[in-house]
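Engineer: Let's have the full structure, built from the sequences with the hints guiding it.
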Amino acid sequence: MPTLVRKSLGEYRRALIGWTVGLCAFLGMYISIYASMMKDPETFSRQAIAKYPGAFRDLMGGMTDIATGRGYLQAVAYQLLGPLLFTMCAAILGNRAIAGPEEAKTLELTLTLPIDRRRLLLERWAALTLGLLGVALVTLAVAAGASSAADMDVPFGSILAAHTGLFLLVLFFGTLTLCVGAAFGRKQIALAVVGVWGVAGYIVETMGRSIDAISWLRWISPVHYYLDGRPLYQGWPYGDYLVLLGATAVLLMTALLAFERRDVGV
Amino acid sequence: MTAVVETEGLTKFYGTRRGLEDLTLEIRPGEVFGYLGPNGAGKTTTIRLLLDVIRPTSGRATVFGADTRDPRVRARIGYLPGELALEGRERARDYLQFLADVRGGVSRGRIDELAERLDADLSVRMGELSKGNKQKVGLIQAFMHEPELLILDEPTSGLDPLVQQEFLAMVREARTAGHTILMSSHVLAEVEHVADRVGIVRAGRLVAVEDIAALRERAVRHVELHFDAPVPKESFDGLPGVRDVVVQGASLRCTIDGRPDALIKAAARYTVVHMVSAEPDLEEIFLTYYSEEEGRHAHAGA
Numbered sequence: 001m002p003t004l005v006r007k008s009l010g011e012y013r014r015a016l017i018g019w020t021v022g023l024c025a026f027l028g029m030y031i032s033i034y035a036s037m038m039k040d041p042e043t044f045s046r047q048a049i050a051k052y053p054g055a056f057r058d059l060m061g062g063m064t065d066i067a068t069g070r071g072y073l074q075a076v077a078y079q080l081l082g083p084l085l086f087t088m089c090a091a092i093l094g095n096r097a098i099a100g101p102e103e104a105k106t107l108e109l110t111l112t113l114p115i116d117r118r119r120l121l122l123e124r125w126a127a128l129t130l131g132l133l134g135v136a137l138v139t140l141a142v143a144a145g146a147s148s149a150a151d152m153d154v155p156f157g158s159i160l161a162a163h164t165g166l167f168l169l170v171l172f173f174g175t176l177t178l179c180v181g182a183a184f185g186r187k188q189i190a191l192a193v194v195g196v197w198g199v200a201g202y203i204v205e206t207m208g209r210s211i212d213a214i215s216w217l218r219w220i221s222p223v224h225y226y227l228d229g230r231p232l233y234q235g236w237p238y239g240d241y242l243v244l245l246g247a248t249a250v251l252l253m254t255a256l257l258a259f260e261r262r263d264v265g266v
Numbered sequence: 001m002t003a004v005v006e007t008e009g010l011t012k013f014y015g016t017r018r019g020l021e022d023l024t025l026e027i028r029p030g031e032v033f034g035y036l037g038p039n040g041a042g043k044t045t046t047i048r049l050l051l052d053v054i055r056p057t058s059g060r061a062t063v064f065g066a067d068t069r070d071p072r073v074r075a076r077i078g079y080l081p082g083e084l085a086l087e088g089r090e091r092a093r094d095y096l097q098f099l100a101d102v103r104g105g106v107s108r109g110r111i112d113e114l115a116e117r118l119d120a121d122l123s124v125r126m127g128e129l130s131k132g133n134k135q136k137v138g139l140i141q142a143f144m145h146e147p148e149l150l151i152l153d154e155p156t157s158g159l160d161p162l163v164q165q166e167f168l169a170m171v172r173e174a175r176t177a178g179h180t181i182l183m184s185s186h187v188l189a190e191v192e193h194v195a196d197r198v199g200i201v202r203a204g205r206l207v208a209v210e211d212i213a214a215l216r217e218r219a220v221r222h223v224e225l226h227f228d229a230p231v232p233k234e235s236f237d238g239l240p241g242v243r244d245v246v247v248q249g250a251s252l253r254c255t256i257d258g259r260p261d262a263l264i265k266a267a268a269r270y271t272v273v274h275m276v277s278a279e280p281d282l283e284e285i286f287l288t289y290y291s292e293e294e295g296r297h298a299h300a301g302a
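Sequences listed follow chains A and B, in order.
Counting along the first sequence from 1, when you hit position 97 you're at 97 in this note's numbering, and nothing is skipped either side.
Counting along the second sequence from 1, when you hit position 140 you're at 140 in this note's numbering, and nothing is skipped either side.
Hints in this document: simulated from the structure, not taken from any laboratory.
Quick caveat, the model's predicted, so the values are computed rather than measured.
Virtual Cβ for every residue (Gly too), placed ideally from N, Cα, C.
It is possible that some hints are incorrect.
As the list claims (entries may be wrong) - Per the computed footprint, the stretches of chain B lying under chain A, defined by three or more beta-carbons under 8 angstroms from a beta-carbon of chain A, are:
no.: 1; stretch: 68-75
no.: 2; stretch: 87-93
What the hints assert, rightly or not - In silico DSS-like cross-links for lysine-lysine, where the CA-CA straight-line distance does not exceed 30 angstroms:
no.: 3; chain 1: B; residue 1: K265; chain 2: B; residue 2: K233
no.: 4; chain 1: A; residue 1: K105; chain 2: B; residue 2: K134
no.: 5; chain 1: B; residue 1: K265; chain 2: A; residue 2: K105
no.: 6; chain 1: A; residue 1: K51; chain 2: A; residue 2: K39
Structural biologist: Printed below as a string of structure tokens:
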């Protein structure tokens, strides 16, 4: 493994372990509640669900089939909270690539090593990707294990398809953070961009899909390409996932170009 | 011999603020170049331009004959940043090893040898290093790969006097090995004992480049002479290079610029019982440069 990738992973290690533990605890706990809820079907009866405001149900992805294994898994793990937590993890790690060290002024010495800037940025990005992939693999195992333990009756293939989408989504947001950080060198700007694009994108994709005035905005929401194909139900939405991958590649290219031109640490 | 560092009209503006303007400078192989100026004068800007951390607004700079954009050049440079930041839980030794690996390795035992000389504890986590120890780690990483060019930005800040002596010894050794050193400082006293030449930068402009030997020749010296009997002031008026003469009975105080020859010859006519001559204060000439520049600029502006 290239020295800088190894070094960056070493720097991410504690954060990666922390987020993996947190995400696994979240997934394990929420998924295991399913079994006890099913013992009391009244909680999730259609009448009970109908009491929630429509907008809230939209926000949670409809909730029409929350009493089924798939519906429950989608609503608690893959709809909102899972992507939200994992995206926060990706944004925090993405900021550690360039903007964090630049603000801490430790980037200057790294830049004076005999490495060109493109390689520096690519290796930092590779470490980010590997780190997120590690978190994704462990959480996938936990999600699959917990759902089969809770008798959810969701095939592994569906969970894998949904989890891959989750990974691609957070990789997109992680790369976005890295890209804004590489262009401006400021953590706050990067977090603001990710926060606004992520939250607005989510709202447009869920509540906004039935509002004509803003529903066209779905096309620029990364969340659209994660949720729209309903991978937990319908398997792999290849086209959507390719869009996420392509967008990530565009962001990475942008980051390379922006970082190459910039004065660092001023 | 080609210059190690060469700049031509090197200019850097941060927006409209001038960082450095029209710097043309040549640093020759094997010399120790002291780069002097008050804080904010453009020293760090120059150094960051040479290391390609920031990009010039105009002009050009080469190191070892290659454009500063070429990353391979940086393998031959040892750099100590002016504001060295070391963070995190990593131990200092592991960080140094990482830097060494990226630069293509350092000879065995070199890190330990330097750590011992500077009395640095490398088992400490980076975020817990004291200011002085941080500076030591910075010096070790700059010197460890025995680079042909050392660029040291305010190297002695935060070092206690003993370590400063050791550092100066390391600089001399590097020069003996034929390496070139560019070191910045805001006080001349820090570099005058090792530097061959000094450049003085002020408000983003290089105002003078001088040989230290020549500078010393022109140094201002305060001299005090005591005679066995009162002396007439007239005997010492109008001597070349002698000014501010004050005679009080049998003692005389004055300031000499450059050589003390005329004063000695004039004093030799009387019986000298005691003589005090302070070390030439290069700082003072350094400041005269500033005020002269100031005057010239004011004049040109009028």
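Engineer: Honestly, which of those hints from before does the structure not fit?
Structural biologist: Of the numbered hints given earlier, the structure breaks just one, which is hint 5.
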